[in-house]
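Engineer: Protein sequences, first through last, are from chains A and B.
Just so it is clear: in the first sequence, position 435 is 442 by the working numbering, and no numbers are missing.
Just so it is clear: in the second sequence, position 284 is 288 by the working numbering, and no numbers are missing.
If you are wondering where the hints come from, they were derived from the structure by calculation, not from laboratory data.
Virtual Cβ for every residue (Gly too), placed ideally from N, Cα, C.
Fair warning: there could be bad hints in the mix.
Residues from chain A that keep clear of chain B, each with C-beta distances beyond 12 Å, as calculated [as the list claims (entries may be wrong)]:
#1 Ser105
#2 Thr144
#3 His188
#4 Gly241
#5 Ser297
#6 Gln389
#7 Tyr471
#8 Arg514
#9 Thr696
Partner residues aside, some chain A positions facing chain B, computed with beta carbon under 7 Å [claimed, not checked]:
#10 Ala29
#11 Glu192
#12 Gln397
Listed next, the stretches of chain B that the computed footprint assigns to chain A, with coverage defined by at least 3 CB atoms under 8 Å from CB atoms of chain A [to be verified]:
#13 116-123
#14 236-250
#15 355-362
Residue strings, one per chain:
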Amino acid sequence: MSTLSSRPAESAVGRSVAHESAAQHATGKALYTDDLAAHTVGVLTAWPVQAGHAHASITGLRTDKALLVPGVVRVLTAADVPGVNDAGIKSDEPLFPSEVMFFGHAVCWVLGESTEAARLGAAAVEVDYAPLPSIVTVQEAIRAESFQGMARTVQRGDAGAALTTAPRVFEGVTEFGGQEHFYLETQASLAQIDDAGQVFVQCSTQHPSETQEIVAHVLGLSSNAVTVQNLRMGGAFGGKEMQPHGFAAVAALGALLTGRPVRLRLNRTQDMTMTGKRHPFHASWRVGFSEDGRVLGLQATLTADGGWSLDLSEPVLGRALCHIDNAYWIPDIEVHGRVAKTNKTSQTAFRGFGGPQGMFVIEDILGRCAPALGLAAAQLRQQNFYTPGQSTPYGQPVRHAERLGTVWDQLSTTSEFETRTSQIALFNAAHPHVKRALAMTPVKFGISFNFAAFNQAGALVHVYKDGSVLINHGGTEMGQGLHTKMLQVAATALGLPLDAVRLAPTRTDKVPNTSATAASSGTDLNGGAIRNACDQILSRMADVAAGLLGVNAADVRFAQGQVTGLGKPNAAILSFGEVAGAAYLQRVQLWAAGFYRTAGLHWDPERMQGEPFKYFAYGAAATEVEVDGFTGAYTIRRVDIVHDVGDSLSPLIDIGQIEGGFVQGAGWLTLEDLRWDESDGPGRGRLLTQSASTYKLPSFSEMPQIFNVTLLERATEDGVIYGSKAVGEPPFMLSFSVREALRQAAASFGAPGHSVELASPATPEAVYWALTRARQDAERDVTLSPALADA
Amino acid sequence: MEPRSATGNLSVTVNGKLRDIFDGRAHTTALEWLRGSGLSGAKEGCAEGECGACAIMLAQADGSGGTAWTAVNSCLLPLAALDGQEIVTSEGLATPGTLHPVQVELAERGGSQCGYCTPGFACSMAAEFYRRGRGTESTPVGHPADGGDLDGTEGCGERGPNGFDLHALSGNLCRCTGYRPIRDAAYALGEPDPGDALAARRDRPSASPLTTVVTAPDGTFIRPATLAGAVGLLAEHPDAVLVAGSTDWGVDVNLRGRRSPVVIAIDALPELRGVDVGAEFVQIGAAVTLSEAERVLAGRVPLLAGMFPQFASRLIRNRATFGGNLGTGSPIGDTPPALLALDARLVLASSSGQREVALEEYFTGYRTTVLRPGELIMAVRIPLPLATLSVFHKISKRRFDDISSVAVAFAIDVQNGVVRRARVGLGGVAATPLRAHDTERALTGQPWTSETAADAARVLGTEGTPMDDHRASARYRSAMLEQALLKFYSDVTLDQEAVS
C-alpha cells in the first residue's frame, strides 16, 4: 500500500467531527461574500439591464436617463472594458454583448449608491433591439442542426451487428430536463482596489484561479495584479465553477473605474434567468438483449442542450458518454454525443457533470425493458453488472468491479429487499387506490477530471514557532466539508490533535494556479497537496527532534502532539511546539508549499479512449415509495444506501454528502421542473419558473421518512489520501432508485408485463399519467386476452 | 397616543437592545435593515418568503397574556411594521461563549453544510422549541394532507418524541443536507433550561402595537390605532395598499419593484383580530393569522383544520391572514375554496359603514372583487352547523410549502344515506375561485353511493376552465377535479369501515 493511503492508528482522520464552521453557521456569524459587502463602507451596488428577447441585435443603448436617477454613479458598457470583453474561456461569452443570446441576457450594468438606486437606474437605461429568429427547444436545435463544439463518439465492438443478431431489441427516446442549482447563496462578488492598484475580489467561486484570470483579462491586467479570495460559499454544486467569472469581472471593472468598492449579488430571479443550469438531454436509443436479459448491444445518440455558449458543455457531454454504461457490461456499444446551441442560459457544471445524464439513459432503458423481458428490474440490473477483468467502453479496466456485487448483496440484506418486496405485493393486492414499490439501483462513477491537467493541486502549510499550524490550500468550501477534512488530514500528517490546526481562507495569492473545486476531487487533490507539505515539514522537524532525542531521524514519531524516539521509551517526551521552537532556532524552515498530481491518468479526447479516472466510486440504493392512485402524489417511505467512500476521512461529513446528494438527485428526477416559454409570443425563451415559488426543490416533505446510510467497510483505496474516496457527486445518482420505484408503483396499478414510460421529472402529474396508462393497458389486456390476465 | 413618525424615534428591540430603525425609506424590509445594521446572520435566499433563510423570531401575543416567540420571514416584513416590537435573530439566540440548544444540535449533528440556510433554520427551530405545551405532545400525529398511514402500522412521523412539529420547519429550504440531520436535531431538543431568558420572556406580555407614521420620499407607511382611523385613511387614499402580514405585498415590493405612496397596516386593529365561535356562525377577524386561527379553532372547523397544514408554510402562516388571502383576489389562494364550501360570508367595512356579502359573490374576475374603493375586509363568517362530511384536497408538486395547481373543498351533509346538501369550492381552475354548482346538483338528493360519487365526479371534471401552466396541464387539472371526489368518497368509506 502506498504511504499516501496508509493511515496512523490514532489519527484525526476517520473520526466523525462537525463541520469546522458549524457553530458559526448556526449563530449566523459565518460570513459569506455579500455579508462582507454589507459590512463595507461606501460600497456601490451593481444591477443588470436584462434583455427581454431570446435573440436580438442591440441597435441602440442610451444611458443618459439612468445617470439622472438619484444615486446612480455610473453605467458600465462595452466601451468601458480596457481588456478583453469576454467572460469565458472559449471566447464565446461577451461580457457586454452586442447581440442578445437569451432572454434575460445582461446588456450592461448600473452602479448605484444603493440597491434601490441601481435598480431604478437600470430601469431607466434605454436599449433598442432588433429581434432575430431564436431556437428554444432541443428539438428545434436538432431540426435546425444548430450545434456547437465537438461531436464525440464512444465506441467498442460492432453495436450495429450486435443489434442485428440480438433476440430482443427495443428502441426508444428518452428526454429529460435540466436542473437549477438553487444554491441558497446566489452569485456574489465584492471588488476593491488597494492603494497600489491591486485588484482584490472576494467572490463566491469554486474556481478562484479562473475567476482571477477572467478578471485580469477583462481589465487588461496580468494575473499578479488580481487577487481572488473565497471565505466560503452558500452552496455551489457546480454552479459556481464557471458562472461567477463574468460577475466578478463586472464588479472589478466597476471598482477600477470608480475607485470605490463594488458589490454584485444577483437576486434569485436574476440568478435563475442569467446563470447556467444542468444540461437537459435528448437521447434516442436501440438496445439488444439476449432472451435471458443480458445486454448485448447499445446504439444511442445523446444531444445535450448547451444553451447559448459552450461553457463546460463539451466535458459535460464527455462525462455523459463515459457514464452511459453506469454499472453494466455492454459488449458492443456505439454512442454519439453532440451539443445543441439554443437561445437559453449557457448550461454548465452541476453535481455529476453529465454522469447523471448518461446514467439516466441506461437506467431508463432497463426500467422500461424489464417488464417486456419478463424480469424483475432488480434482477435485470444485477445480472448485467461488470465483473472483474472487464473494461469500460472507453477502455478503462473496471477495478474493484466485485464491489458492485458486494454492495448490492449487503444492501439487499440491510434493506430486507426480499421480505419487503413480498410484503409490498400483499399490500398492493389489498389496496386498489394506493400502491407501493421498492427499487434498487447501482452507481459506478469515475473519479478525476476528464481533462488531465486539472488533476493537480497546491497547498501552503505553516508551522509557527509555538507549534501551532495554519494551513491553506487551493480548494474552496461550499458546504461539502472540504476544509474540515483538510484540517483532519493536516492534523493526521503532523501527528497533532485536530484543534492544533487552523485554516485560512482560499486565496489566489497563497496558492496559485489551482483547479476548480469540482469533479468530487477536492479532497483527493488538496489532501494530497497538504500531505505533501506536511511531510516536507515533518521530515525537517524529524531531523531536529532526532538531535534532541538522540535517535535516528527515521525513528522519530509524531503522534497526539508529542514527539518521541523509537526505542527510547524513557527519554523525555517532547511537545510538537518544543521541536518547532528548536527548529526555528536552528534556522530550519517550518513551512512548506505542497503539490500533488494524480498519477496514472491518460486520455485521448479524439478517440474517447484511455484511463481518465483514478478509480471508481460504487454504491447502491433501495427506495420504497407509495403512490396515490387518485392523484399520482407520492411519498418516499424508506431509503437504504450502501456506499463506497473508501476508508472515510470524516464519516459525519460523508454521510451528509450521501444523504444530501441523494435528495438533490431525487429533486431533479421527481420535482424540479424548468419550464421555458416555447411559444411564438413576445415572451419566447423566457424562463417561466424563475423563482422559489414556481421552481420547487425538495423540502422537508420530500425527505425519506426512514433514511439509512451505511458506508462500505474495509474499503481502503490505494494511492489516495488516507485510503479514502471522493464522495461529492456519486451519491447524487443513487436517486435513480426513486424514479425506478415510482415507475414500478405506477406499473402496479396495471397488469404485469407492461413497460411503463415515466415522463421526467416524475412529478405527481407525470406519475398520474403513467399509472393511468398502466390501468388502461391492463383493461385492454382483459378485453383482448383474458387468458393472459388469468395467468 | 402620540403617533410616531420618521423623525428618528422609531425603534425595535433586537436581541435585547433597543435600536432606532428609520433608514430614510418607507419600503425598507426588516431583512435589508438587519443586514445593513451589522446583523448579517439572516440571509436573502429568495426574497419571497419561500426559503426561510431570512427567518427571525418576533415576540407576539400568545392569546393568554404572555408572549409566543413566532418565526417570521424578515424579507417580507416592512421595517416600519416592527416599530415598538421585539425580535431575536440567530445572533441573539446564543449568549457569548454558549450556543443555544438548537444551535448545539444543528452543529453537532451535521445539520449545516454550506450553512447559508442555517441561521433561518435556527430561528424557526427555536420558535418551535419555545412553543408552550410542545413537550406534552409526544404522540405522532398525521395531517389530513398526508392521508395518514394506510396500513395503520406507524405514524406519519411529522412530530418528534419531544412534541416537535416538523411543520415548524416547512418554510425553510436546505439544498445541502437532505434534511434528515436537521430533523434529528429538532427531535433531540429537550425543554428550555430554567435560566433560559427567552423562555422566561414568554411569561411577560408582548409589546402592544404602536400607531406609526413613516413619511419618506418613497412613500408613507401608516399603522392607525383604530378601525375608524383605518377606514378614514382609506377613504382619503383609496389606492393605498393595505397590509397585515405583508406576505403578498412583500413579494411585490421585492420581486416586482412595486412601491406605494401609502401603505396602511391593519394587522393590529382590534376589530379585525377576534376569533369567535357563536351559535349561528364562527367569525374570524380579517387580521387573524392562519396560525392563530389554527390554534384558537383547535379543530372546531374540520375543513379548515385540514387546510391549515397545506397552506404555504408555518413561516407564512405566522403572518398571513384570512383577510389578506381573500383581499388579493387570487384564483389560487387556499382559503377561498375552503370558505366557499363552508358557505362563508364576508363582513366589509368602510367609512360609510359595514355590509355583508356572500363569498361566492365576492369574486368578480381575475384578481377583482366587489370591494369598493375605501372598503376593507373586516371578518369572515362561517355559518353553523357545519356539514357532516368535509375535506380539503390540494394538488401541488410538493406536499409542504407549495401553491395549488388545483384545490377542491367538499362540505357534504349526508343523512340516512342520502346527500341532503353539498357545497364544493374550487381553486386553480378558473380566473376566480368558484363553486361547483353542477356537481353540487349532481350530488344533492342522491344516495351517498359510489355510483353517485362517480356520476358527480364526471360532472366535477367538467367544471371550470383550467389552463396549462408551469404547475400543471389543463388536462391534469380537470382529471384532478374528478379524482378529488372519487378520493373523497373512497376515504370517507374507508374511515367508516375502520370505525365499524
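Engineer: Determine for every hint whether it applies to the structure shown.
Structural biologist: Evaluation of the provided hints:
1. Ser105 (chain A), annotated as away from the interface, keeps every beta carbon of chain B farther than 12 Å; the closest lies near 27 Å.
2. With a least beta-carbon separation of about 15 Å from chain B, Thr144 (chain A) lies farther than 12 Å from that chain, consistent with its non-interface assignment.
3. Listed as a non-interface residue, His188 (chain A) fails to keep its Cβ farther than 12 Å from every Cβ of chain B; the least gap is roughly 8 Å.
4. Distance to chain B contradicts Gly241 (chain A) as a non-interface residue, since its nearest Cβ pair spans about 3 Å, not more than 12 Å.
5. Look at Ser297 (chain A): its CB is around 39 Å from the nearest CB on chain B, clear of 12 Å, so calling it non-interface holds up.
6. Taking the minimum C-beta to C-beta distance to chain B, about 26 Å, the non-interface status of Gln389 (chain A) holds against the 12 Å cut.
7. Distance check on Tyr471 (chain A): its Cβ is at least 25 Å (rounded) from any Cβ of chain B, clearing the 12 Å threshold; non-interface status holds.
8. Taking the minimum C-beta to C-beta distance to chain B, about 19 Å, the non-interface status of Arg514 (chain A) holds against the 12 Å cut.
9. The claim that Thr696 (chain A) is not at the interface with chain B is violated, since a C-beta of that chain comes within 12 Å of its own (minimum 5 Å).
10. Proximity of Ala29 (chain A) to chain B holds as hinted, the smallest CB-CB distance being about 4 Å (cut-off 7 Å).
11. Taken as an interface hint, Glu192 (chain A) checks out: its beta carbon lies about 5 Å from the nearest beta carbon of chain B, inside 7 Å.
12. For Gln397 (chain A), the interface hint is violated, the least distance from its beta-carbon to any beta-carbon of chain B being 33 Å, above 7 Å.
13. By the rule of at least three residues with a Cβ nearer than 8 Å to a Cβ of chain A, the coverage given for the region 116-123 of chain B holds, with 8 such residues.
14. Note: the region 236-250 of chain B has 0 residues with beta-carbon separation from chain A under 8 Å; the three-residue rule is not met and the coverage is violated.
15. Coverage of a stretch by a chain is defined here by at least three residues with a beta carbon nearer than 8 Å to that chain's beta carbons; for the region 355-362 of chain B and chain A the count is 0, and the condition is violated.
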